[in-house]
Amino acid sequence: MKAGESRGVKSMNDLLLQGEYAEIIVELLNEPYNVNSVVKMVFLAFCVRNETQTSYRNRKTDFVDILLSNLNVKLLFHPDELRNIFEVLSKLKKCGWITTEGGKISILKEFDKSKAENKFLAGCRGKDINPVVEVNKLDDKAFIEEVLRHV
Amino acid sequence: MFRLKCITLYKGTEKKDYHFSDNAYVYGHNNVGKTALTKVIDYALGSSERLSHAGLDNIDAVGVYLVNDKTELWGKRTVTGEYFYKRTESSEYTLISLDTYKEYISELITDAPDEKAVKVYQKVFDENPTYRSFTFLNFVDEIGQGDLGAIFTRGKEIRHLVRIRNIMDFFFNYENIEKFYEKRMELDAVEFELRQYNDKMNQYTHSVGRVNRLFTELGLSYSDDMQDNYKTFEDFSDDFSRKISRPNDDLVYLTKASHSLAEELKLYSYLENQSQEAGNRKARTERLLSTLHSIIAENVEYAEDVSVITGAIEEIKQDRLILSLADYEVSIAKVRERKKSIDARIALLKSQAVELDYDKTLKMIALLEDHFKIINSAVDISRGSLLTEQAKTLRKEIKDIKNNYSQKGIKDFNNRLTQMYLENDITGVPYLNDDRNEEQFSLAFDPFSQVLVAKHKEGEAVVSYTPGSMARHNHLQLLVYLCMLEYLHERFTSFIYLPILIIDSADQPMEESSFEEIYPSLIETAKKIGVQTIFVSKARPKTVNDTDLIDITTGLNPFHLQSGEITTNENEIEL
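Order-wise, the sequence lines are chains A and B. Heads up: the first sequence begins at 1 in our numbering, then just goes up one per residue. Heads up: the second sequence begins at 1001 in our numbering, then just goes up one per residue.
Treat the hints with caution; some may be incorrect.
For each label pair, taking beta carbons as the anchor points, the in silico distance ranges come out as [stated by the list, open to error]: (1) B/Ala1189 / A/Thr52: 50 to 58 Å; (2) A/Gly126 / B/Ala1189: 35 to 43 Å; (3) B/Thr1310 / A/His78: 25 to 33 Å; (4) B/Glu1458 / A/Gly103: 42 to 50 Å; (5) B/Asn1403 / A/Thr52: 32 to 40 Å; (6) A/Asn34 / B/Asn1403: 43 to 51 Å.
Going by beta-carbon spacing under 8 Å, a handful of chain B positions derived as facing chain A [as the list claims (entries may be wrong)]: (7) Thr1285; (8) Arg1287; (9) Thr1291; (10) Ile1295; (11) Ile1296; (12) Val1306; (13) Val1308; (14) Ile1309; (15) Ala1312.
For lysine-lysine, the following DSS-like pairs were computed, each having C-alpha atoms within a straight-line distance of at most 30 Å [claimed, not checked]: (16) A/Lys119 / B/Lys1282; (17) B/Lys1123 / B/Lys1016; (18) B/Lys1396 / A/Lys127; (19) B/Lys1116 / B/Lys1183; (20) A/Lys127 / B/Lys1392; (21) A/Lys93 / B/Lys1282; (22) A/Lys94 / B/Lys1282; (23) B/Lys1339 / B/Lys1350; (24) B/Lys1086 / A/Lys115; (25) B/Lys1119 / B/Lys1350; (26) A/Lys94 / B/Lys1317; (27) A/Lys94 / A/Lys115; (28) B/Lys1538 / B/Lys1016; (29) B/Lys1373 / B/Lys1231; (30) B/Lys1350 / B/Lys1231; (31) A/Lys119 / B/Lys1317; (32) A/Lys127 / B/Lys1399; (33) B/Lys1179 / B/Lys1399; (34) B/Lys1086 / B/Lys1005; (35) A/Lys74 / B/Lys1282; (36) B/Lys1119 / B/Lys1179; (37) B/Lys1282 / A/Lys91; (38) B/Lys1015 / A/Lys91; (39) B/Lys1116 / B/Lys1411; (40) B/Lys1015 / B/Lys1005.
For the record, the hints were derived by calculation from the structure and aren't laboratory data. Glycine included, every Cβ here is placed at the ideal spot set by N, Cα and C.
Modelling step: build the complete structure from the supplied sequences, incorporating the hints.
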């Protein structure tokens, strides 16, 4: 691949990872999630991408614990993913899609309505109790406390 | 117009008649048999309940005299449940079944019953309706009056709830129900044809399979074309001889060829899977890069990234183009076809090597003849998919009709109910005057839950509420009954419901002066819609004509064994 030759395979992998996170972040910014906090966005995006259970089936409780448990080991082995999440957020900001102020995200331009290919998000769509929506109900402080329990 | 003219109590050769006018008013104080009279009427009209109400003892039968504009009917029902009828007064009663009894009464309700509506009802609710199905609209019982949470006094019991709900669905959603019925009939016809077709197809498929097996057993060459097979069969059945295989049909050669093709198939399948996976991977990469591209494309700061992404996408497109050129599916299909043909030849050689038993061969020929008869009978293979498609479309349409409930009937009903309540000559009823002064006052009856609520304006919003006062409740309840009968009169002209309303003690919670005003208004509405009314009450409004009045103050049942005690002690026995 030419891109690999010019920028190195690592960079192309980064671009692909950023593409994947861009899809997830755009979906999380929109209905029904409306995630508007940088902190929540970073960790939620990470957990969503690394969630291996594509469906929580009939689970109705403990969404926070189950979803954030993805941070535990995975964050240790993939710290570069956080850098890419920040890179995507930075790109979205610099290109005028969003703005961030005091850790809060505001949407400036409407995104394309197509949904992310992520299997976990696809499994969440149409559920009466949406796990990501449930986790997003935590405020920033509570969310960070939960994150700290898992890292 | 259908009218109940007379009710008779029989005891041996004695009898007691009660004649009813179009707006009869049965008057009598407590415990003389007012409620018993409503039970007698219901019993004479074919009720499924026994005649066990207190005070109705010592009678053998009850009779009913019914008329319409053209004919008349005398019905009689014994306390043991036998039914009789006669067409003229001077003739003798004839024993009939309950169904015939109901049928004769139905004939009096309407000359030409709306058979289509009846059929629609039968089909949709799987129930054969008679006028008895709708008698909950004809009787306002004393128990249950004034309850706006269950308007129909006979609709409270669980056994009636579902049925009344269906009936209301039928009355208020008839357009859709009718369409639903037509589509169901259409679907039934298609499904019937499809079933027949499937039976034939199953036989056909079974016979084709059997022919294949029998050909193999007999060592005959089987082809996909049934005409060819039939010809082979005819040739064989003439002289029992099988064609000798061509010289190149060497079993060793054929086995090697089959094995080689199996290896080829394995390789192609592997390549196909690899190609598919590579394609999916490239499609995903292209999608992810495109997403990132659409975000950063307009910012010059990311020009380098944009250029890399554009280049990569272009390259992926070329790769996918190359991948799409290799059509493994076609190659695999071709190899499979070749292998199938070789395998068939191997099977043929194998079976030809088997010795054939004469009796067994004859039996197999008979079986083949039978199967070819089925195969050669015309089966239109394309018809099946057409019918399946038709059935699928009809099922979808039926589902849409079920979900597409029209609120128009209910809306019209509620507008009329509100108009009936507010717009009349009644001036001296306090609660009615209060309601008239409410801003945007209206009534809302939900026929499915049988709940009536009022609406008025509170601030900027129109809100629902349950109005107070038992008298108001009773008044509203009676109006719902009348409004229902009016609704049926206008929209279901020839349907089999009784145009009669029998009201037991409606005046109880009302002040006498209020009832004096409300009664004529109710009668007026009933007259307009051609409904006969029978009021049963212990109050006697001045507006009641003598011709309408039936005085039962001395007791309803003259054959009652303890009738003498009733006048002296009211609390002991209810007559």
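Given the hinted pair A/Lys93 and B/Lys1282, is their Cα-Cα distance within 30 Å? holds (28 Å)
Given the hint that B/Lys1538 pairs with B/Lys1016, test it: the Cα-Cα distance must not exceed 30 Å. Holds, at about 21 Å.
Is it true that the CA of A/Lys127 sits at most 30 Å from the CA of B/Lys1392? holds (28 Å)
Are the Cα positions of B/Lys1350 and B/Lys1231 separated by 30 Å at most? Holds, at roughly 22 Å.
Supplied distance hint 42 to 50 Å, evaluated on CB atoms of B/Glu1458 and A/Gly103: holds (43 Å)
Agreement of A/Lys74 and B/Lys1282 with the hint, judged by alpha carbon distance not exceeding 30 Å: Between A/Lys74 and B/Lys1282 the Cα gap is close to 26 Å, so the pair holds against 30 Å.
Next pair to validate is B/Lys1015 with A/Lys91; report whether the Cα-Cα distance is within 30 Å. violated (100 Å)
Given B/Arg1287 as an interface hint, is the shortest Cβ-Cβ distance to chain A below 8 Å? This interface hint holds because 7 Å falls under the 8 Å limit.
Pairwise hint evaluation, A/Lys115 against B/Lys1086, where the allowed Cα distance is 30 Å at most: Violated, because 77 Å separates the two Cα atoms, which is more than 30 Å.
Is the interface hint for B/Ile1296 satisfied, with its Cβ closer than 8 Å to some Cβ of chain A? For B/Ile1296, the interface hint holds, since the closest Cβ of chain A sits about 5 Å away, which is under 8 Å.
Would the pair B/Lys1119 and B/Lys1179 pass a check requiring their Cα atoms to be no farther apart than 30 Å? holds (13 Å)
Straight-line Cα separation of B/Lys1116 and B/Lys1183 no greater than 30 Å? Holds - the C-alpha atoms of B/Lys1183 and B/Lys1116 are around 14 Å apart, at most 30 Å.
Violation of the numbered hints given earlier is confined to hints 6, 12, 17, 24, 25 and 38; the remaining hints are satisfied by the structure.
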